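For the sequence shown, counting from 1, position 54 maps to 1231 in the numbering used here; every step adds exactly one.
It should be emphasised that the hints constitute simulated quantities derived from the structure, not laboratory data. Treat the hints with care, as some may be off.
Straight-line distance between alpha carbons at most 25 Å, and here's what the computed SDA-like set of lysine to any residue pairs gives [stated by the list, open to error]: (1) Lys-1180 - Ala-1195; (2) Lys-1182 - Val-1197; (3) Lys-1182 - Met-1196; (4) Lys-1182 - Ile-1192; (5) Lys-1180 - Ile-1194.
Computed from a prediction, not measured in an experiment: that's the story for all the values here.
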Amino acid sequence: MTKAKWGSLGLSLLIVIAMVIWMATGEVKVASDEAPERQDSGDDQLTTVQVETL
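With the sequences and hints as input, model every part of the structure.
Next comes the structure, spelled out in structure tokens:
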């Protein structure tokens, strides 16, 4: 392999390893962790939409 391919491969592996470490340490945030509690609005009925084609 050429030097450029080894450099590209090395950089790719470095990024993958960094991402694995980042995820393993728990730095990844999940949207549900920060979302407010879900409140029921009391509407059990679904919204209806009427579509007319021209």
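Hints, verified against the model:
Distance check on the hinted pair: Lys-1180 and Ala-1195 sit about 22 Å apart at the alpha-carbon level, within 25 Å; holds. With a C-alpha separation of about 23 Å, the suggested pair Lys-1182 and Val-1197 falls inside the 25 Å cut-off, and the hint holds. As the CA atoms of Lys-1182 and Met-1196 are separated by approximately 21 Å, the hinted pair is consistent with the 25 Å bound. Only pairs whose Cα atoms come within 25 Å are accepted, and Lys-1182 paired with Ile-1192 is accepted, the gap being roughly 15 Å.
Between Lys-1180 and Ile-1194, the direct Cα distance comes to roughly 21 Å. Compliance with the 25 Å bound is thereby established for this hinted pair.
Checked against the numbered hints above, the structure breaks none of them.
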